[in-house]
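Residue numbers (our numbering), protein chains in the order written: chain G, 6 to 308; chain L, 6 to 308.
Hints should not be assumed to be uniformly reliable.
Chain copies aren't distinguished; within one or between two, either way the pair holds.
Only pairs whose alpha carbons sit at most 20 Å apart, straight line, appear in this in silico SDA-like list of lysine to any residue [claimed, not checked]: (1) 202 / 169; (2) 208 / 190; (3) 202 / 168; (4) 82 / 190; (5) 159 / 300; (6) 159 / 139; (7) 208 / 302; (8) 208 / 231.
Honestly, the hints are just simulated from the structure, not real lab data.
There are 2 protein chains.
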Amino acid sequence: MSIVVVGTVAFDSIEAPWGSTERAIGGSATYFSLAASHFTPVKLIAVVGDDFCAEHRAILEDRGVDLEGLVTERGGKTFFWKGRYGEDPNDRENVVTDLNCFEHFSPLLAAPHRSTRWLFLANMDPDIQADILGQVEGEPFVGCDTQTFWIERKLESLRRVIGRVDALFVNDREARELSGRRNLMLAAREILGMGPKVLVLKKGEHGAFLFTKDFRFFAPAYPLSEVLDPTGAGDSFAGGFMGYLASAPAVDEAHLRRAMIYGTITGSFACETFSVERLRGLTDEHISKRFGELVDLVKIELD
Amino acid sequence: MSIVVVGTVAFDSIEAPWGSTERAIGGSATYFSLAASHFTPVKLIAVVGDDFCAEHRAILEDRGVDLEGLVTERGGKTFFWKGRYGEDPNDRENVVTDLNCFEHFSPLLAAPHRSTRWLFLANMDPDIQADILGQVEGEPFVGCDTQTFWIERKLESLRRVIGRVDALFVNDREARELSGRRNLMLAAREILGMGPKVLVLKKGEHGAFLFTKDFRFFAPAYPLSEVLDPTGAGDSFAGGFMGYLASAPAVDEAHLRRAMIYGTITGSFACETFSVERLRGLTDEHISKRFGELVDLVKIELD
């Protein structure tokens, strides 16, 4: 079952006390696609400028990502982001955000995209997310990400989108802002009341919760000895989660729990190198090994 | 198998935006004893002043805690601590610390205490901890807690103690200070190298790790909808952990993993009321229920 992702394909420059990278491939749709491609075919919808070359496309094509929906804007420049990390990889400063050709991104979905059964709306203007939702046919399983930026500026639009999606992905800070609750259990209850069937609440190095009206699940973070660059970890989490779920026989409790572990794993690999290096070199064996380790990490044998 | 705890019995005053308490019973040995008493008989060693009355002793006696080792210093006053919490229960300010009769605490262990098979050294001057270790006979299983205060002031003494104990309990901040490593996996490796067989690394609301040279385990925090007063949660964690282990048929991987869950549970109850109210009212059924919930929270069914 293939999955359609709509988001950004970008160039990222990153500075950290332990290293840096210049104009490496990044963007929400990129990370999501590379992670999800280990589980299911992925079709990517995004816009780039003509500074996005064949070698960049090859990074996605090598993982079998369908780029029919990747529009190249003639004379345009690709979304560019520059960030800086402090000694603590949790401290990130946005140095430059040049939307470039993404500024007026408002995709018109082609027929194979409109009829998708699996859709992921990466972080973007909720009005664009709503527009895309209006174009899809049938009742696909829709995952959606957002950010503080939109919670603060377009809460009403965002709440309308949240009311229509199946799975919402937020981090702890976003959950608190969206709900107005500091306690995450109360925040989760509040957000589930806004409509999504599934809430994935990510706490970075502290793991992630999944909430539905019927059960809750906690996935510990994969314990890393070194975090080089957490950029894209959230999108990689969503890619592993949604990709696995699209490949599963059913969206039920057992598979949602496992999807959380796969999301944790693809998110963990994203942190281990700058840009997408680690995700590019990933094999199914690497993923299986971490799955086993995570299961073991929390295993409790009962009498 | 009974367990001996050496630590403080104190009066605590706590102020928080959502409530306060005045001179309620607290102290490391109190929290530890109440938690451990659900699993195994506890013998408490501490000192109080004669402001510590029969009604206070009854709180411990009601849970069967042996107070033979609780010395009352005539004319002395009981350890008093006053703390203040901010909106975030993780932000705690020490307002008053009156050591009072605890200032010169240096217990001489009686025969039944010296021959204990299970010993917990709560946070105190590592030189006193070493002195107690020197008094015990045989090779008891020894758990030990400490604090930033001693890491900064008496590191050499502390390292000598750590080299002689079986299980060390620290939180994430203490682990970083003790090891000089920011990354907790590297910190854990460093600390295990200092001698303890078992390292329990607590992250408060983010759960707790257990490390040995053979395996690592992660226990998620019990998800609470309200945290009223985290005072004593760490000592209650140690009490549940050590109490369960003392009652278990063996100190092996399976029982260490379960001890982490029991520690998590007794720690969680400590947070739900000011002082020890919730721990006093606790039943074995309350503990069993949370055990089941925590197992379920991380359960992954494999194909």
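Consistency of the hints with the structure:
1. 202 / 169: within (9 Å within a copy, 52 Å between copies)
2. 208 / 190: both (13 Å within a copy, 18 Å between copies)
3. 202 / 168: within (9 Å within a copy, 51 Å between copies)
4. 82 / 190: neither (42 Å within a copy, 41 Å between copies)
5. 159 / 300: For residue 159 and residue 300, neither the intra-copy (39 Å) nor the inter-copy (39 Å) Cα distance is at most 20 Å.
6. 159 / 139: Within one copy only: 18 Å inside a chain, 65 Å across chains, cut-off 20 Å.
7. 208 / 302: Answer is both: 18 Å inside a copy and 16 Å across each meet the 20 Å cutoff.
8. 208 / 231: Both ways: residue 208 and residue 231 sit 17 Å apart in one copy and 18 Å across, limit 20 Å.
Comparing the model with each earlier hint shows violations of hints 4, 5; every other hint is respected.
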